[in-house]
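Student: Read top to bottom, the protein sequences are chains U and D.
First residue of the first sequence: 2, per my numbering; consecutive thereafter.
First residue of the second sequence: 7, per my numbering; consecutive thereafter.
These aren't lab readings, by the way, just hints derived from the structure by calculation.
Every value quoted in this text rests on a predicted model; they were computed, and no experiment measured them.
Glycine residues also receive a C-beta, built at the ideal position from the N, C-alpha and C atoms.
Where hints are given, some of them may not hold.
Stated by the list, open to error - With a cut-off of at most 27 angstroms between alpha-carbon atoms, the simulated DSSO-like pairs for lysine-lysine come out as follows:
id: 1; chain 1: U; residue 1: K236; chain 2: D; residue 2: K141
id: 2; chain 1: U; residue 1: K236; chain 2: D; residue 2: K77
id: 3; chain 1: U; residue 1: K312; chain 2: D; residue 2: K40
id: 4; chain 1: U; residue 1: K131; chain 2: D; residue 2: K154
id: 5; chain 1: D; residue 1: K141; chain 2: D; residue 2: K154
id: 6; chain 1: U; residue 1: K210; chain 2: U; residue 2: K312
id: 7; chain 1: U; residue 1: K36; chain 2: U; residue 2: K53
id: 8; chain 1: U; residue 1: K61; chain 2: U; residue 2: K48
id: 9; chain 1: D; residue 1: K141; chain 2: D; residue 2: K77
id: 10; chain 1: D; residue 1: K64; chain 2: U; residue 2: K108
id: 11; chain 1: U; residue 1: K61; chain 2: U; residue 2: K131
id: 12; chain 1: D; residue 1: K67; chain 2: U; residue 2: K108
id: 13; chain 1: D; residue 1: K40; chain 2: U; residue 2: K319
id: 14; chain 1: D; residue 1: K154; chain 2: U; residue 2: K108
id: 15; chain 1: U; residue 1: K210; chain 2: U; residue 2: K319
id: 16; chain 1: U; residue 1: K293; chain 2: D; residue 2: K77
id: 17; chain 1: U; residue 1: K223; chain 2: U; residue 2: K236
id: 18; chain 1: U; residue 1: K49; chain 2: U; residue 2: K61
id: 19; chain 1: D; residue 1: K59; chain 2: D; residue 2: K77
id: 20; chain 1: U; residue 1: K139; chain 2: D; residue 2: K64
id: 21; chain 1: U; residue 1: K36; chain 2: U; residue 2: K52
id: 22; chain 1: D; residue 1: K40; chain 2: D; residue 2: K59
id: 23; chain 1: U; residue 1: K210; chain 2: D; residue 2: K141
id: 24; chain 1: U; residue 1: K293; chain 2: U; residue 2: K223
To be verified - Label pairs and their calculated CB-CB ranges:
id: 25; chain 1: U; residue 1: R41; chain 2: D; residue 2: E118; range: 16 to 24 angstroms
id: 26; chain 1: U; residue 1: Q104; chain 2: D; residue 2: D176; range: 19 to 27 angstroms
id: 27; chain 1: D; residue 1: D107; chain 2: U; residue 2: Y120; range: 40 to 48 angstroms
id: 28; chain 1: U; residue 1: N321; chain 2: D; residue 2: G168; range: 22 to 30 angstroms
id: 29; chain 1: D; residue 1: E45; chain 2: U; residue 2: Q130; range: 34 to 42 angstroms
id: 30; chain 1: U; residue 1: Q104; chain 2: D; residue 2: E88; range: 18 to 26 angstroms
id: 31; chain 1: U; residue 1: S70; chain 2: D; residue 2: L54; range: 32 to 40 angstroms
id: 32; chain 1: U; residue 1: Q130; chain 2: D; residue 2: S140; range: 34 to 42 angstroms
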Amino acid sequence: MRIVDNMEVESDVFKENGASCPSEAGLKIPERMIKREQDRLEDVERKKEAKKSQSVTEEKSGFFTAAFSSERAAIEELLVGCSGETDRTLATQTLEEVTTRTQQLQKFLNDSMVFLPQYVLSRAQASLQKLQNSLAEKRDEILPKKRFAFRSRATNTPKAGPPSADPVSVITSKDSAETAVDAAISPPEQCGFSHFESQVLTKSGEEIKQQDVLLTHLTNCKVRLLGSPSTVHIKHIQNCEIFSGPVSSSVFVDHCTGSTLSFPCQQLRTHHTTNTQVYLHVTSRAIIEDCKEVRFAPLTWTYPGLDEDFKVSGLDRKRNNWNQVDDFNWLAVGTQSPNWSVIPEAERRTEWD
Amino acid sequence: MGLLTILKKMKHKEREMRLLMLGLDNAGKTTILKKFNGEDVSTISPTLGFNIKTLEHKGFKLNIWDVGGQKSLRSYWRNYFESTDGLVWVVDSADRLRLEDCRQELSSLLLEERLGGATLLVFANKQDLPGSLSKDAIREALALDNIKTHHWCIIGCSAVTGENLLAGVDWLLDDIAARVFTAD
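Model the full structure from these sequences, guided by the hints.
Tutor: Dropping the structure here:
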């Protein structure tokens with residue numbers, strides 16, 4: 002229908018103009034058509050303008066590539082320059098600057114992520130990664146990492162005169178402190194026993210009172226903790242008897258041999274332990290790792306005040322999972338781990354001195 | 007604006023973050039996770055494997071991965087590195103005997119390329135214990151000041167009382183958001 006209408010209109014126009022030059026009339030474009038074409042062109046132009054005003058120059062991948070690579074080149078230059086640097090502080094400063102500028106570059110890349118094509122993005126990411134690697138290398142080369150060591154208090158006090166500015170001497174004094182780690186590691190405020198042989202060691206409820214207790218380097222000792230600690234660490238123990246009141250959270254056992262342990266606790270974590278008996282009340286779970294010949298039985302040891310201490314610890318007296326032991330070196334479900342076993346009832350200890 | 011751009015913007019709007027929680031065994035990782043989520047912490051067992059929690063906080067959807075810290079599990083940590091936005095390193099502040107272990111494990115993690123873009127939050131946990139080291143002592147013991155490759159922050163906290171857990175996570179979210187979601 003429409004086509005027919007148009008044809009009629011055109012034939013009208015033809016009639017109007019036809020008088021002057023009928024032979025050209027077929028080629029001549031009617032005015033209305035010209036107008037329409039102009040409108041169309043203007044519209045295209047307008048849309049182009051609008052688009053242009055929307056897109057920001059910073060959002061062109063060309064702009065990004067240029068800015069990114071020039072900054073990267075600048076950083077690389079800085080990095081190369083600092084390798085010849087002999088002055089330590091100056092080199093450190095340069096490295097700091099390189100680090101911050103690299104981070105800024107990363108941020109620039111992150112910000113631009115939304116409009117970048119995948120290829121440009123991955124290229125930029127890769128070159129940034131390379132930059133970070135060479136920065137790390139350079140840092141290791143210029144400023145080798147110092148090893149951590151506890152600073153022993155004893156070495157600090159007798160130091161006479163102003164502290165030496167020579168970095169080498171500082172490092173050696175740290176090294177010597179490292180040998181004194183064991184001494185520095187047990188500060189006076191720590192509750193527990195360390196480095197005893199053939200002794201009976203007891204702590205009262207007053208002394209323990211929800212503290213964290215540390216027992217290390219004990220041989221042939223009898224340890225009794227008659228209270229409720231919040232947590233207990235037991236390490237480097239040989240042929241000892243260690244009994245404790247209810248422990249609110251975890252007991253951590255490491256490097257223990259030929260010993261008998263007994264306590265209620267929330268968790269028991271046992272490592273590198275061999276030939277050891279554990280009389281246990283555990284409300285969640287006991288685990289062993291790198292252990293051999295560890296045997297478990299339910300807790301029977303008691304002392305006056307145990308009931309009271311159970312209340313303080315907040316442990317559930319009715320829940321005891323003493324025979325559900327997870328062996329982290331034996332993840333096969335359904336088969337018993339060869340590293341632990343239950344003490345047969347006939348062999349269980351009933352006399353507790 | 008192309009279709010791809012729109013899709014990318016939509017993805018940003020979801021504001022999802024992936025947090026990976028690691029540390030030596032007995033550090034309190036699972037306790038932190040459960041406490042943060044308002045669950046009971048008295049029944050927690052040593053983690054044999056891993057726990058995942060998805061929770062909403064401050065308008066972000068957090069996927070938190072808590073992977074067991076036993077020595078025999080540490081070789082599996084690498085399986086969880088991919089697309090991690092934030093690394094939460096949990097330290098038992100009362101475990102003086104294993105601080106050197108703790109430092110070594112952390113420093114080898116920070117060399118991992120796949121964790122290169124992650125923000126590091128160190129929780130000096132168990133501050134409720136009288137024998138615990140302060141967060142400054144932990145910071146020195148772990149040589150945190152030598153870290154130049156990651157944004158990091160150390161916060162003393164207690165998973166048992168819940169103290170400072172929010173402060174730590176809020177810092178982590180702010181730092182990640184500033185890096186990842188700046189386009190909005």
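Student: Could you run down the list of hints and mark each one as holding or not?
Tutor: Cross-check of the supplied hints:
no., hint, result
1, K236/U to K141/D, "holds, 24 angstroms"
2, K236/U to K77/D, "holds, 16 angstroms"
3, K312/U to K40/D, "holds, 24 angstroms"
4, K131/U to K154/D, "holds, 16 angstroms"
5, K141/D to K154/D, "holds, 19 angstroms"
6, K210/U to K312/U, "holds, 12 angstroms"
7, K36/U to K53/U, "holds, 26 angstroms"
8, K61/U to K48/U, "holds, 19 angstroms"
9, K141/D to K77/D, "holds, 24 angstroms"
10, K64/D to K108/U, "holds, 23 angstroms"
11, K61/U to K131/U, "holds, 24 angstroms"
12, K67/D to K108/U, "holds, 22 angstroms"
13, K40/D to K319/U, "holds, 23 angstroms"
14, K154/D to K108/U, "holds, 16 angstroms"
15, K210/U to K319/U, "holds, 23 angstroms"
16, K293/U to K77/D, "holds, 16 angstroms"
17, K223/U to K236/U, "holds, 15 angstroms"
18, K49/U to K61/U, "holds, 16 angstroms"
19, K59/D to K77/D, "holds, 23 angstroms"
20, K139/U to K64/D, "violated, 40 angstroms"
21, K36/U to K52/U, "holds, 24 angstroms"
22, K40/D to K59/D, "holds, 9 angstroms"
23, K210/U to K141/D, "holds, 24 angstroms"
24, K293/U to K223/U, "holds, 23 angstroms"
25, R41/U to E118/D: 16 to 24 angstroms, "violated, 59 angstroms"
26, Q104/U to D176/D: 19 to 27 angstroms, "holds, 22 angstroms"
27, D107/D to Y120/U: 40 to 48 angstroms, "holds, 43 angstroms"
28, N321/U to G168/D: 22 to 30 angstroms, "holds, 28 angstroms"
29, E45/D to Q130/U: 34 to 42 angstroms, "holds, 39 angstroms"
30, Q104/U to E88/D: 18 to 26 angstroms, "holds, 22 angstroms"
31, S70/U to L54/D: 32 to 40 angstroms, "violated, 50 angstroms"
32, Q130/U to S140/D: 34 to 42 angstroms, "holds, 36 angstroms"
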